[in-house]
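Asker: Put chain B on the given structure of chain A with help from the hints.
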Amino acid sequence: MIKAKQYTCIGCPIGCPLQLQHEGKNIAEISGYECDRGAKYAKQEFTDPRRDMSTTVEIIGARWKRLPVKVTGPVEKDRVMEAARKIHELRVRAPIKLGQILIEDFLGQKDIHVVACRSMERIN
Amino acid sequence: MLDRMEGQYDVVVVGGGPAGMGAALGARDSGAERVLILDREPEAGGILWQCIHSGFGLHYFREELTGPEYAERFLEKVIDYDVDLVTNSYVSGISVDSDGTKSVRVMNEAHGMDTVNTKSVVLSMGCRERTRGSIRIPGTRPSGVLPAGLAQKIVNLKGYLPGKRIAILGSGDIGLIMARRLTLEGCEVVGVFEIMPYSNGLTRNLVQCLEDFGIPLHLSTTVAYIHGLDRLEKITVAPVSKDLKPDMNRARDVKCDTLLLSIGLIPENELSLSLGIQMDVVTGGPRVSSTLETSMPGVFASGNVLHVHDLVDFVTRESLLAGQFAGEWAQGVRRPADNIRLVPGDNVRYCVPHSLSPEREHTIYMRCKEAMMPCRIRVGNLMEKKLRFVVPAEMIIFKIKPDLLDKFHGDTLRIDILPAKKGKRHD
Numbered sequence: 001m002i003k004a005k006q007y008t009c010i011g012c013p014i015g016c017p018l019q020l021q022h023e024g025k026n027i028a029e030i031s032g033y034e035c036d037r038g039a040k041y042a043k044q045e046f047t048d049p050r051r052d053m054s055t056t057v058e059i060i061g062a063r064w065k066r067l068p069v070k071v072t073g074p075v076e077k078d079r080v081m082e083a084a085r086k087i088h089e090l091r092v093r094a095p096i097k098l099g100q101i102l103i104e105d106f107l108g109q110k111d112i113h114v115v116a117c118r119s120m121e122r123i124n
Numbered sequence: 001m002l003d004r005m006e007g008q009y010d011v012v013v014v015g016g017g018p019a020g021m022g023a024a025l026g027a028r029d030s031g032a033e034r035v036l037i038l039d040r041e042p043e044a045g046g047i048l049w050q051c052i053h054s055g056f057g058l059h060y061f062r063e064e065l066t067g068p069e070y071a072e073r074f075l076e077k078v079i080d081y082d083v084d085l086v087t088n089s090y091v092s093g094i095s096v097d098s099d100g101t102k103s104v105r106v107m108n109e110a111h112g113m114d115t116v117n118t119k120s121v122v123l124s125m126g127c128r129e130r131t132r133g134s135i136r137i138p139g140t141r142p143s144g145v146l147p148a149g150l151a152q153k154i155v156n157l158k159g160y161l162p163g164k165r166i167a168i169l170g171s172g173d174i175g176l177i178m179a180r181r182l183t184l185e186g187c188e189v190v191g192v193f194e195i196m197p198y199s200n201g202l203t204r205n206l207v208q209c210l211e212d213f214g215i216p217l218h219l220s221t222t223v224a225y226i227h228g229l230d231r232l233e234k235i236t237v238a239p240v241s242k243d244l245k246p247d248m249n250r251a252r253d254v255k256c257d258t259l260l261l262s263i264g265l266i267p268e269n270e271l272s273l274s275l276g277i278q279m280d281v282v283t284g285g286p287r288v289s290s291t292l293e294t295s296m297p298g299v300f301a302s303g304n305v306l307h308v309h310d311l312v313d314f315v316t317r318e319s320l321l322a323g324q325f326a327g328e329w330a331q332g333v334r335r336p337a338d339n340i341r342l343v344p345g346d347n348v349r350y351c352v353p354h355s356l357s358p359e360r361e362h363t364i365y366m367r368c369k370e371a372m373m374p375c376r377i378r379v380g381n382l383m384e385k386k387l388r389f390v391v392p393a394e395m396i397i398f399k400i401k402p403d404l405l406d407k408f409h410g411d412t413l414r415i416d417i418l419p420a421k422k423g424k425r426h427d
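Respectively, the protein sequence lines represent chains A and B.
Residue numbers for the first sequence follow my numbering, beginning at 1 and rising by one.
Residue numbers for the second sequence follow my numbering, beginning at 1 and rising by one.
Fair warning: there could be bad hints in the mix.
The calculated DMTMM-like cross-link candidates involving lysine to aspartate or glutamate, where the alpha carbons are at most 25 Å apart (straight line), are [claimed, not checked]:
{"no.": "1", "chain 1": "B", "residue 1": "Lys-164", "chain 2": "A", "residue 2": "Asp-78"}
{"no.": "2", "chain 1": "B", "residue 1": "Lys-164", "chain 2": "A", "residue 2": "Asp-48"}
{"no.": "3", "chain 1": "A", "residue 1": "Lys-25", "chain 2": "B", "residue 2": "Asp-212"}
{"no.": "4", "chain 1": "B", "residue 1": "Lys-158", "chain 2": "A", "residue 2": "Glu-58"}
{"no.": "5", "chain 1": "A", "residue 1": "Lys-86", "chain 2": "B", "residue 2": "Glu-211"}
{"no.": "6", "chain 1": "A", "residue 1": "Lys-43", "chain 2": "B", "residue 2": "Glu-129"}
If you only want the chain A side, here are some residues facing chain B, beta carbon under 7 Å, derived [said to hold, decoys possible]:
{"no.": "7", "residue": "Thr-8"}
{"no.": "8", "residue": "Gly-15"}
{"no.": "9", "residue": "Asp-52"}
{"no.": "10", "residue": "Ser-54"}
{"no.": "11", "residue": "Thr-55"}
{"no.": "12", "residue": "Ile-60"}
{"no.": "13", "residue": "Trp-64"}
{"no.": "14", "residue": "Lys-65"}
{"no.": "15", "residue": "Ala-84"}
{"no.": "16", "residue": "Cys-117"}
Quick caveat, the hints were computed from the structure, so don't treat them as lab data.
Here the structure is a predicted model, which is why all the values come from computation and not from measurement.
For each residue, glycine too, the CB sits at the ideal point set by N, CA and C.
In isolation and in its complexed conformation, chain A is listed as follows (with noise of 0.2 Å):
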């Protein structure tokens, strides 16, 4: 039997209404979408739904009392809590560098880092 999803695009401002049509594991048909990351957002939300994330880390000896960082590569939505707590265990030290490795191969997936969003100065 055919069932039908209803996804909203996220992939620009726009937010495509987008629907997925599916039978058991199969996409039949994908509609909705204005431009080619709609119909690739579908399927990926169909099949392995993921999250940009990114948090804040505590830092000693910077103006601010805490670092922006992201993670490299999506996070499988389902453990974006736990990425969040693991991520907040971390403490780091002014000074850091924008792009700077904080973790590497993040909750074991190889090349994908916790990084620094900006720089901060060492400040005393």
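Answerer: Relative to chain A, chain B alone:
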């Protein structure tokens, strides 16, 4: 970064957020030699530093960046371009000499009051958040009621949480993003309440910030009362009738220790008003020509001080342009005055700029009053453009080519958003 200002400038930019940085780069691009950014914070970059989520730069850099990454890239450019940058400096006034020279009065944390002379000025002070006072929520005045963007600064820069059990009034993007942010930080977000029957946030934020975490969005519902003596204890929420008045018969209490307000932004125009420049009552920003010049010659404006944008990429684009024209002006270029007034018509809340000239291509920024889908934008009798939909929360941007304006002989060009023509299928 400079410790203090030096000598005479071609262009002084008031505010070092994305608008100010863009304007300074635009001014240098135009050939202006001496460009100065003044910022009241300890570092330039504005609100971007606290917007740690991704979604910035898709249009401008063709890649998705977080706010801090976007800020740092621009800040590096500003330094590369030899722009003078002075922080911890608040511009308290601007005066204009008979020869057009502007004196900018600056209050600096370390050096006190000072004055700097410049040929042109770009206003890029951004905007600030509306507060509880601006919507007059009845009740007591406990701590724990604060604007969502302030909470963002507290969490992302200062490193503490505003509370544990959070309610959010208003479904603007900042509110939605804070719902996710606080959830990730271990807070419980009990719900987002929106007085309108639709959300004001971008769809992707509704999906990623609320749906993903099972945070309920209550439409057509508002906060009718605030309870608590020292600290917020609970709020009374009530569905609203058609005239947006809370129906107290259906009210209920929600326990929370924090109420975040995401109820809109106000362009920060005290400086513009003190200059006596003409304002647009709808945008809350200055009225500007197609060169983004205000009614005071040599004073330009761009970014959220002009009208509240939803994407920083568009702030950058607009500001680069404002900076270029400000730089030109400083070098003595005087373009002919615009001869076409641009006015909002059916279902158009506002459009910027407020006038056009046939000599150049123009980018028009506008917002609709009500959602409509499918629809078309009609620009006088010159052009029509089909759109899949328009919603008030998303800015509409389109270009008008100069050859089109050449054919126009009137002095007022009206923009309408109309339902799509019947019979024609739009795809």
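Asker: Which earlier hints can't be squared with this structure?
Answerer: 2, 6 and 12
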